[in-house]
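Asker: Below are the chains, spelled out letter by letter.
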Amino acid sequence: MRTNLFSVGGLVLVLLAIFVTRQVFFTVNETDQVIITQFGEYKRTIQLPGLALKIPFLQTVNRFDRRILTSDAPKAEYLTQDKKRLVADPVTRWRISDPLLFYKTVRDESGARARLDDLVLSELRREVASHNFDLVIGGKRETIMDNVAKSGREKAKEFGIEVVDVRIKRADLPQEVQMSVFQRMQAEREREAKRYRSEGEEESAKLKAETDKQRTIVLATAKQDAEKLRGEGDGTATRVYAEAYGKDSEFYAFVRSLQAYEQFLGKRSTLVLPADSDLFRYLSSPQPRTNTAAAVRVAR
Amino acid sequence: MSYQNDEPQIPQQVLESIEQANRWIKHHLPKILPLAVGALALLWLASGVYSVNPGHKGVVRTFGKETARTDPGLNFRYPWPFQHVDIVSVEQIRRIEVGFRGTQRVSEEALMLTGDENIVDAQIVVQYRVADPSKYLFRLRDPEAALLAATEVALRSTVGSMTIDQVMIEERAKVQADARLFIQRLMDAYESGLVITEVKLQAADPPDAVRDAFHDVVRAREDKEKVINVAKGYQADILPKARGEAEKILREAEGYQQERVLLAQGEAARFLSVLAEYEKAREVTRDRLHLETIEKILPDIDKVIIGGDVNQRLLPLLPLTTPGAASLLNPRGATAATPVK
Numbered sequence: 001m002r003t004n005l006f007s008v009g010g011l012v013l014v015l016l017a018i019f020v021t022r023q024v025f026f027t028v029n030e031t032d033q034v035i036i037t038q039f040g041e042y043k044r045t046i047q048l049p050g051l052a053l054k055i056p057f058l059q060t061v062n063r064f065d066r067r068i069l070t071s072d073a074p075k076a077e078y079l080t081q082d083k084k085r086l087v088a089d090p091v092t093r094w095r096i097s098d099p100l101l102f103y104k105t106v107r108d109e110s111g112a113r114a115r116l117d118d119l120v121l122s123e124l125r126r127e128v129a130s131h132n133f134d135l136v137i138g139g140k141r142e143t144i145m146d147n148v149a150k151s152g153r154e155k156a157k158e159f160g161i162e163v164v165d166v167r168i169k170r171a172d173l174p175q176e177v178q179m180s181v182f183q184r185m186q187a188e189r190e191r192e193a194k195r196y197r198s199e200g201e202e203e204s205a206k207l208k209a210e211t212d213k214q215r216t217i218v219l220a221t222a223k224q225d226a227e228k229l230r231g232e233g234d235g236t237a238t239r240v241y242a243e244a245y246g247k248d249s250e251f252y253a254f255v256r257s258l259q260a261y262e263q264f265l266g267k268r269s270t271l272v273l274p275a276d277s278d279l280f281r282y283l284s285s286p287q288p289r290t291n292t293a294a295a296v297r298v299a300r
Numbered sequence: 001m002s003y004q005n006d007e008p009q010i011p012q013q014v015l016e017s018i019e020q021a022n023r024w025i026k027h028h029l030p031k032i033l034p035l036a037v038g039a040l041a042l043l044w045l046a047s048g049v050y051s052v053n054p055g056h057k058g059v060v061r062t063f064g065k066e067t068a069r070t071d072p073g074l075n076f077r078y079p080w081p082f083q084h085v086d087i088v089s090v091e092q093i094r095r096i097e098v099g100f101r102g103t104q105r106v107s108e109e110a111l112m113l114t115g116d117e118n119i120v121d122a123q124i125v126v127q128y129r130v131a132d133p134s135k136y137l138f139r140l141r142d143p144e145a146a147l148l149a150a151t152e153v154a155l156r157s158t159v160g161s162m163t164i165d166q167v168m169i170e171e172r173a174k175v176q177a178d179a180r181l182f183i184q185r186l187m188d189a190y191e192s193g194l195v196i197t198e199v200k201l202q203a204a205d206p207p208d209a210v211r212d213a214f215h216d217v218v219r220a221r222e223d224k225e226k227v228i229n230v231a232k233g234y235q236a237d238i239l240p241k242a243r244g245e246a247e248k249i250l251r252e253a254e255g256y257q258q259e260r261v262l263l264a265q266g267e268a269a270r271f272l273s274v275l276a277e278y279e280k281a282r283e284v285t286r287d288r289l290h291l292e293t294i295e296k297i298l299p300d301i302d303k304v305i306i307g308g309d310v311n312q313r314l315l316p317l318l319p320l321t322t323p324g325a326a327s328l329l330n331p332r333g334a335t336a337a338t339p340v341k
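Those protein sequences? They're chains A and B, same order as listed.
Position 241 of the first sequence, counted from 1, bears residue number 241 in the numbering used here, the numbering being contiguous throughout.
Position 114 of the second sequence, counted from 1, bears residue number 114 in the numbering used here, the numbering being contiguous throughout.
Hint data in this document are derived by calculation from the structure and do not stem from the laboratory.
Hints are not guaranteed to be accurate.
[Unchecked claim] With a Cα cut of at most 27 Å, we get these calculated BS3-like pairs of lysine-lysine:
no.	chain 1	residue 1	chain 2	residue 2
1	A	K228	A	K213
2	B	K200	A	K206
3	B	K241	A	K213
4	A	K150	B	K65
5	A	K140	A	K157
6	A	K208	B	K226
7	A	K194	B	K232
8	A	K194	B	K226
9	A	K208	B	K248
10	A	K83	A	K43
11	A	K43	A	K104
12	A	K267	B	K57
13	A	K54	B	K65
14	A	K194	A	K206
15	B	K303	A	K206
16	A	K140	B	K174
17	A	K223	B	K280
18	B	K232	A	K223
19	A	K206	B	K232
20	A	K228	B	K174
21	A	K140	B	K200
22	A	K208	B	K232
23	B	K226	A	K213
24	B	K232	A	K247
25	A	K169	B	K200
26	B	K248	A	K228
27	A	K223	B	K226
28	A	K83	A	K157
29	B	K135	A	K157
30	A	K228	A	K206
31	B	K280	A	K213
32	A	K169	B	K174
33	B	K174	A	K267
34	B	K57	B	K174
35	B	K303	A	K208
36	B	K26	A	K169
37	B	K232	A	K213
38	A	K43	B	K226
On a predicted model such as this, the values are computed, not experimentally measured, just so you know.
Make a model of the complete structure from these sequences and hints.
Answerer: Here is the structure:
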């Protein structure tokens, strides 16, 4: 029976020791930061991880996250300076920098999110309202978000919150505006398609015209050269003829005339010959005549 | 002990064996207890042995504070409540998809505004790995969700600063590079411990509502090329032909030139030869040439030989004997008179 009592007492002792140890020692995780309160009264903040001590039973450990946290504000419509509507949902990254202040002002993360979202929304509304739509979408988006983060950072300090950054996750047009954008895009593309086709026609017409021009020039140049060549040929021939025939122009006229008669007196010609012409002088008499001039009359 | 009324239900045998075991334990307890405690302690210690696979890192926390990193292999830590280990793969390339999941498009993620206020349908894949396991584990809550959001932020920001044509065609590489830098910058600011290894623009297309119009632009561009090619074909067809024709014209002209010169030279030579002979016997040659010519001409043609005064006797003959004149007056032909042969 004695051993039984001993073992029960030992067990109770061990359990008690564990309980007290857990009341005295506690761990602060890498992801945690802690404030110690004594009956609700703030005592100290521990932001470094490791083993820590507190007075058992009297002091309470309040844990907060030390990591960077997210707050994703709901989608909302914003109005830009040029009165265009924009749907955006900002995302805020933040961390608890002063757990006591945080605990006092917003209590927990969901409280902090509500405050942060309000804050960021109003800052963003202000920034967007002072910029044109295209700048919000494109060129100045970073600057705008930096400004929002900067003023948000300033204001979030009073909640013990450090704002890392604020970003617009999505920035879109309202649904009904989207349709008109699609229509505009369609019209733009149709115009572009038309332009391409017309450019093709233009280019083609240019090429064809240029081709026709080239062909005309090539042929004309050839003809020009051809005429020159022909002229040279004619010239040379004329000179050759003149040189040869100039030696006895009367004889040339005689020979050439004979050739011409041969050429143009064909079957359909009728020749009227006087019976007393030289041609027929031997027809009537074998004696030579004194007059030797031969006369031929031609009629067609 | 008042509720022991129920006990008789338990069979006597069982009660006996419990009693027996009790006695046995009481008898042996002093010997068994240290053994049992020792075995438990050993088991507890043995539960501290863990292995780290290749490409992984172990991060050891002692009382919540990071105290060591362990490499692949068999390692030891003091088990709960002293130490805790997280094992993270630092070489595995992980990926997230924005704008689609698998084969399913996610419209609200994919549709985004471009700088020229068009809407483009973009899908992106981000590949990343854990570079700093401590940061990955302890500095940012839910790094994957943060990466997803950062990717959307970066992609929309990048696309928002470009025109739709740049995004879809001309500057795809730049979209990827810019988005990658942007995502990395954000993830560094969030102390995520992640390294972005690659950003791939999976698709950058026109939204469904205007897809046809965009495709028609592509077709129009092809049409343009086609028409131009046809014109080039025309050029390639016409110009060589024209050059050939030009060559032909030139050769013909050259031929003509040569022909003329040669003919002239020939005729001149012929004339000169005849002339040379003629000069030796002028009268005879003249008569001979004359008679030879007439001899050649006369057999084939109609001849009218008139004695006496030609001028007076010719007149009555003319209308009858001139076929040319007759055919002028009577289209059916000159049948009225038969010429004298």
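Asker: Hint by hint, note whether the structure agrees.
Answerer: Each hint, compared with the structure:
no.: 1; hint: A:K228 <-> A:K213; result: holds (22 Å)
no.: 2; hint: B:K200 <-> A:K206; result: violated (43 Å)
no.: 3; hint: B:K241 <-> A:K213; result: holds (14 Å)
no.: 4; hint: A:K150 <-> B:K65; result: violated (32 Å)
no.: 5; hint: A:K140 <-> A:K157; result: holds (26 Å)
no.: 6; hint: A:K208 <-> B:K226; result: holds (14 Å)
no.: 7; hint: A:K194 <-> B:K232; result: holds (21 Å)
no.: 8; hint: A:K194 <-> B:K226; result: holds (15 Å)
no.: 9; hint: A:K208 <-> B:K248; result: holds (23 Å)
no.: 10; hint: A:K83 <-> A:K43; result: violated (52 Å)
no.: 11; hint: A:K43 <-> A:K104; result: holds (13 Å)
no.: 12; hint: A:K267 <-> B:K57; result: violated (123 Å)
no.: 13; hint: A:K54 <-> B:K65; result: holds (18 Å)
no.: 14; hint: A:K194 <-> A:K206; result: holds (18 Å)
no.: 15; hint: B:K303 <-> A:K206; result: violated (69 Å)
no.: 16; hint: A:K140 <-> B:K174; result: holds (19 Å)
no.: 17; hint: A:K223 <-> B:K280; result: violated (48 Å)
no.: 18; hint: B:K232 <-> A:K223; result: holds (26 Å)
no.: 19; hint: A:K206 <-> B:K232; result: holds (10 Å)
no.: 20; hint: A:K228 <-> B:K174; result: violated (65 Å)
no.: 21; hint: A:K140 <-> B:K200; result: holds (25 Å)
no.: 22; hint: A:K208 <-> B:K232; result: holds (8 Å)
no.: 23; hint: B:K226 <-> A:K213; result: holds (22 Å)
no.: 24; hint: B:K232 <-> A:K247; result: violated (61 Å)
no.: 25; hint: A:K169 <-> B:K200; result: holds (19 Å)
no.: 26; hint: B:K248 <-> A:K228; result: holds (15 Å)
no.: 27; hint: A:K223 <-> B:K226; result: violated (35 Å)
no.: 28; hint: A:K83 <-> A:K157; result: violated (32 Å)
no.: 29; hint: B:K135 <-> A:K157; result: holds (24 Å)
no.: 30; hint: A:K228 <-> A:K206; result: violated (32 Å)
no.: 31; hint: B:K280 <-> A:K213; result: violated (63 Å)
no.: 32; hint: A:K169 <-> B:K174; result: holds (20 Å)
no.: 33; hint: B:K174 <-> A:K267; result: violated (95 Å)
no.: 34; hint: B:K57 <-> B:K174; result: violated (34 Å)
no.: 35; hint: B:K303 <-> A:K208; result: violated (65 Å)
no.: 36; hint: B:K26 <-> A:K169; result: violated (71 Å)
no.: 37; hint: B:K232 <-> A:K213; result: holds (14 Å)
no.: 38; hint: A:K43 <-> B:K226; result: violated (83 Å)
The structure does not agree with the numbered hints 2, 4, 10, 12, 15, 17, 20, 24, 27, 28, 30, 31, 33, 34, 35, 36, 38 stated previously, though it agrees with the rest.
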